[in-house]
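Heads up: the sequence lines are chains A and B, in that order. Using my numbering, the first residue of the first sequence is number 1, and each one after it goes up by one. Using my numbering, the first residue of the second sequence is number 1001, and each one after it goes up by one.
Don't read these hints as lab results, they were simulated from the structure. All of these numbers come straight from a predicted model, not from anything done at the bench. Careful: at least some of the hints might be erroneous.
Ranges of calculated distance between the beta carbons of each label pair, as one might list FRET restraints [as the list claims (entries may be wrong)]:
#1 B:R1074 <-> A:N230: 57 to 65 Å
#2 A:N230 <-> B:D1288: 47 to 55 Å
#3 A:R67 <-> B:Y1145: 24 to 32 Å
#4 B:K1138 <-> A:P81: 37 to 45 Å
#5 B:P1021 <-> A:T273: 31 to 39 Å
#6 B:D1248 <-> A:T7: 47 to 55 Å
#7 A:R146 <-> B:R1329: 30 to 38 Å
#8 B:P1092 <-> A:T273: 46 to 54 Å
#9 B:G1357 <-> A:E30: 34 to 42 Å
#10 A:P81 <-> B:E1239: 15 to 23 Å
#11 A:N294 <-> B:G1357: 22 to 30 Å
#12 A:D202 <-> B:D1220: 28 to 36 Å
#13 B:V1123 <-> A:V278: 44 to 52 Å
Beta carbons: idealized from backbone N, C-alpha and C, even for Gly.
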Amino acid sequence: MSIFIDTSTRLVVQGITGRDGSFHTQQMLEDGTQVVAGVTPGKGGQSFTTDDGTKVPIFNTVDRAVRETGANTSAVYVPPPFAAGAIMEAADAGVALVVAITEGVPVQEMARAYHFVQDRGVRLLGPNCPGLISPGKSKVGIIPARITHPGPVGVISRSGTLTYEAVNQLTEAGIGQSTCVGIGGDPIIGTDFIDCLQAFKDDAETEAIVIIGEIGGTDEQEAAQWIDENLDLPVVGFIAGQTAPPGRRMGHAGAIISGSAGTASEKMEAFRTHGIAVAKRPADIVGLVQKGLNA
Amino acid sequence: MDIHEYQAKELFRKAGIPVPPGEVATSPEEAEAIARKLGGTVVVKAQVHTGGRGKAGGVKLADTPEEVRDEASRILGMSIKEFTVEKVLVTPAEDIEHEAYVGVLVDRSSQAPLFMVSPEGGVDIEEVAATNPEAIRKLPVDPRYGLLPHQALWLADFLYSDPSLVKQASKIIFQLYDAFHSNGCSLAEINPLIVTPTGEVKAIDAKVSVDENELFRLPDVAGYRDVEAEPWAEGRAREAELSFVKLDGNVGCCVNGAGLAMATMDLVKYYGGEPANFLDIGGSSNPDKVVAALEIITSDPNVNVILFNIFGGITRCDDVANGIVEAIRRIEIQPPIVIRLTGTNEEEALEILEGAGFSAHTSMDAVVERAVELAGSS
Chain A
1 MSIFIDTSTR LVVQGITGRD GSFHTQQMLE DGTQVVAGVT PGKGGQSFTT
51 DDGTKVPIFN TVDRAVRETG ANTSAVYVPP PFAAGAIMEA ADAGVALVVA
101 ITEGVPVQEM ARAYHFVQDR GVRLLGPNCP GLISPGKSKV GIIPARITHP
151 GPVGVISRSG TLTYEAVNQL TEAGIGQSTC VGIGGDPIIG TDFIDCLQAF
201 KDDAETEAIV IIGEIGGTDE QEAAQWIDEN LDLPVVGFIA GQTAPPGRRM
251 GHAGAIISGS AGTASEKMEA FRTHGIAVAK RPADIVGLVQ KGLNA
Chain B
1001 MDIHEYQAKE LFRKAGIPVP PGEVATSPEE AEAIARKLGG TVVVKAQVHT
1051 GGRGKAGGVK LADTPEEVRD EASRILGMSI KEFTVEKVLV TPAEDIEHEA
1101 YVGVLVDRSS QAPLFMVSPE GGVDIEEVAA TNPEAIRKLP VDPRYGLLPH
1151 QALWLADFLY SDPSLVKQAS KIIFQLYDAF HSNGCSLAEI NPLIVTPTGE
1201 VKAIDAKVSV DENELFRLPD VAGYRDVEAE PWAEGRAREA ELSFVKLDGN
1251 VGCCVNGAGL AMATMDLVKY YGGEPANFLD IGGSSNPDKV VAALEIITSD
1301 PNVNVILFNI FGGITRCDDV ANGIVEAIRR IEIQPPIVIR LTGTNEEEAL
1351 EILEGAGFSA HTSMDAVVER AVELAGSS
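Bound-form chain B, shown alone (with noise of 0.2 Å):
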């Protein structure tokens, strides 16, 4: 789960990392008054769970109250690749001297958490790991015993050549892996890292997201959720405990298991349509969950036919069977529906499907040209 910047700020200050002050506005006239509040040249940051905020020009400096609410009310409804921005996080404009990186996510090749740090901050880090790898450096952490301080110190002499910078950067790493072991993250990330004229050492942005796994032990974290940020049929599919993802195809897909549901999509492209989503239903054969399913991939207008993959093995045929049969009892569903059933009690599930009026195929490919075939014609 990807959170916004301030949340994960406050996560950072928590763990006692200095962030500059800030609050979050859903207003023109809000914004306004913590700048007001705040005093001086602040930043007008939009809060979005997408990057490239900056060159859609969701981020602004601005030197007067009146300023900010002008940029506020423009940044306020704007959208930022699919993302409509509902909130703008005000905070004091910093003057930077030098932007470092500071992160550690999971990495699966080391099996561990992973630091990066880079001098070369302020950027996109895997620009830089692209065009110039040395200045990254690297350390899996061991996670039998964490983040040692002589290890913190590795990393932050890396950045700095100046003692007092290095040892306060040294701190704001510890803190930093402190803020990602507590809160469950998969990855949390100070891009820039920045040393101001004075020579203080901050945090001006964060970047964390949190392991779905975890969260269940995480109440305040899970809070977070930005159920308004998330599409009606995303957060629908989270309540229903199915996996989903929208595409921008037509052939609408319900399938159980991931890598079967990705075969799916894949061959639905073969024979030259396009897949509107990614869904799977899981081992689950609930009724509740074949309904929610077909509320969602029937949300898509551009959804015009719905194509069932169900491959039995512990799932039974007969019970998602009737799951489909119970679920058009209790939505209308206007696109044709076809349905490929195999596997554990594959002929008690033909029967039903046949005695409700449908036909049902036991191949996969035969499915899905036919699930393209009735996309292309209606």
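Isolated chain A (complex conformation) (with noise of 0.2 Å):
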């Protein structure tokens, strides 16, 4: 099994003309995700052709792509200024899952709309983020699926390369993974650490979780006592930002230490607090989840 996304996704791509949608729906496809629909404001009626001649329709909103080809999932690459309306589009148009890649939507816009994607109950993922693949059924996002395998690992991060490297790590050394979930690096992100727990442990495949975090907020805190309360699986822990200085922002909106709070030093003593076993390096999560895998 996997979480969120599977065989039975189907993707519609929102921005799927633009420079990054297009590169990305041609990769989607050839990892084997269904995409069967592209918006594009303005270009319905048009299709999106891929190298090898695969045709995907293109309508003008995200409510007729849903009713037309009964998408069930979105993906999000419109460029920042529009990328909250675009989310609350997709949430209109009834889709279970949307996931926003967009880097840059301004905070503020994005708060409007993740308390309007609550409402209407859907799920969102991001923004900033990589998305998710579950190996070997469906991919949503930019991951690169050459790195993964399918699996028993669930994994959940913050990040984008770092996620990658742990990934690619854990591939090589015959370890696979049920689902890889990038949350995302800004501060109002839609799905959390916990939702991915919850979501991890009613999956009867996932047996043990990595999980990635950095810098700034709680989210980690929160999650490590979440998982002491309610979570039986082995989990490991890595936190990037042990060196980082407060008060400055490393890349991500998200990642900055606030005042004293939020160091990467606090999110790796909750995790051990709550029994989740903690890496130092990125180098040592294999050995962990194998020390997991196997206790």
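Put the complex together from the two separate chains, hints included.
Encoded structure:
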């Protein structure tokens, strides 16, 4: 099994004719995702053609794409000024999951979109995230499928390339993944660590979890406590930003130590307190996962 | 983006918040002239992007225009933390009966703007939160509806008992939310909000951070960026659309992705070295970005080794390799460069680098260890 996406996922790509949208649509199709529709306002009726001649119909609105193709998931690649609007449009159109890849969405707009999406009972992943992949089943976003492999480990992360690093090491060690989820590096995001943990808990095939956090906020601390109280699976944690200075934003909009809160050391301490095995460096993740799986 | 107090006060004035007059000066003579125009006792305030100005001696009262000139000549050019004071604000000194705190910021746990108010103003609000949390009233603002009048009143009611003061403060709180919202802020703060002996409520200090992602639609606010106050490397990084933060070590780092960049710095430390910077070149492998990254890293005289850590997912390793080769053709680089590339088109990348006389690693640990070794030996 897997979480959030699988072989029943039917994807509509918002911003399919843009540079990122078209590149990644091609990639997702190659990786086996059922991309059933694209949306670009003003280009409805045209179609998107891949290198091998596969055609994906383009619609003016997500609503029409959903009604005509049965799309149940959306991926948002539209530019930052329009991304919050695109997220809300997808939620109104009735997809179950919206995956927002776009980086640089104005945070106050995102706050509004967050509550709008919540009201409609739609799951939002991101923004500013690499999306997710259930290896061998479906991929929504930009995670390179090549480095993944089906298996028992669930991966949750606030980062992109650092996740690839960890997943690649797992795959090279022969440990596959049920689903890898990038929840995004912004201060306001939809799905959080605990939502993913809950889903992995309910997934019969996930036998261990890797959680990759970073400085800023308290999501990791809250996740640690949740794990302690609710989860029986082995969990391995890693936190990036042990050498980050306070008050400076480290690339991700949400990666900032405010005052003395949100440091890597307090997050690692919370992990340890709540029985999570802490990897001191990315290369230690594989060994700890192996240990957890064998226990 | 942090803006200066005098700029934040301009935004507040536009929103209707009562803010005392005042002008900004870049020379003692200008400061003196402003003081003469204002008359009476004034405050000379250093305009720098950091807190603790008062403790550092960057905020001074002055009774006469001559004193203002002397204070300004002392404050202008002084260093507060790593910032040099280039401007001072000259503003009338106010008589203060009471100091309160009023602020609104984007709060990640409520996924909404969060108001915080406290009758204990004039001090660091984090300190109040730590020592006397009951003295703070909080309200998450539902971003779908904005701040509602009764909510502004509820916040103001926590600050004062006098109905006239509550009425004035609730209007200010409403105006502050308007300024916060319409200027795309991530933080807008009045500390202190004062009551004068004649019963007027005024904002005598202002702190604002603007969400960088909003600047494209706010040209006036974007114009507030103080390019002169920005270190060269940071300005260059911003132009080249790179994320860069300077640190104190000697291992220059160039990485794709923010999380991996942080993890790389941490690994440098793990192997006994000190990172010189955080630098994320992003997903693109445009040679211009690699050139800019190398210019920025080599502008730091502490750097004695340059470490590339590239995980090619979407980024193609051969593109980055070409960027590195192109960059060293364009600019002269003294420190040794060690490179780790793995992922998409790794073989092609290694060939390109070997052709240019570099050897590349494929393991993150191996390359970091090597970089730390080189940094220690030079």
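Hints and how they fare:
1. Judged by the Cβ atoms, the range 57 to 65 Å given for R1074 (chain B) and N230 (chain A) holds: they are separated by roughly 60 Å.
2. A C-beta distance of roughly 49 Å is found between N230 (chain A) and D1288 (chain B), which places it inside the suggested range of 47 to 55 Å.
3. Checking the proposed 24 to 32 Å range against R67 (chain A) and Y1145 (chain B) shows it holds: the Cβ atoms sit about 31 Å from each other.
4. At about 31 Å, the CB distance of K1138 (chain B) to P81 (chain A) disagrees with the hint of 37 to 45 Å.
5. About 53 Å separates the C-beta atoms of P1021 (chain B) and T273 (chain A), a value inconsistent with the hinted range of 31 to 39 Å.
6. Separation of D1248 (chain B) from T7 (chain A) is about 51 Å and conforms to the stated range, judged on CB atoms against 47 to 55 Å.
7. Between R146 (chain A) and R1329 (chain B) the CB atoms are about 31 Å apart, so this pair conforms to the stated range of 30 to 38 Å.
8. Our hint of 46 to 54 Å for P1092 (chain B) and T273 (chain A) holds, since their Cβ atoms are close to 53 Å apart.
9. As the Cβ distance of G1357 (chain B) to E30 (chain A) is approximately 36 Å, the hint placing it in 34 to 42 Å holds.
10. For P81 (chain A) paired with E1239 (chain B), a C-beta distance near 21 Å keeps the hint of 15 to 23 Å intact.
11. For N294 (chain A) paired with G1357 (chain B), a C-beta distance near 45 Å fails the hint of 22 to 30 Å.
12. Checked against the hint of 28 to 36 Å, the C-beta distance between D202 (chain A) and D1220 (chain B) comes to roughly 50 Å, which is inconsistent with it.
13. Checking the proposed 44 to 52 Å range against V1123 (chain B) and V278 (chain A) shows it is violated: the Cβ atoms sit about 36 Å from each other.
Going down the numbered hints, you'll see the structure goes against 4, 5, 11, 12, 13, while the others check out.
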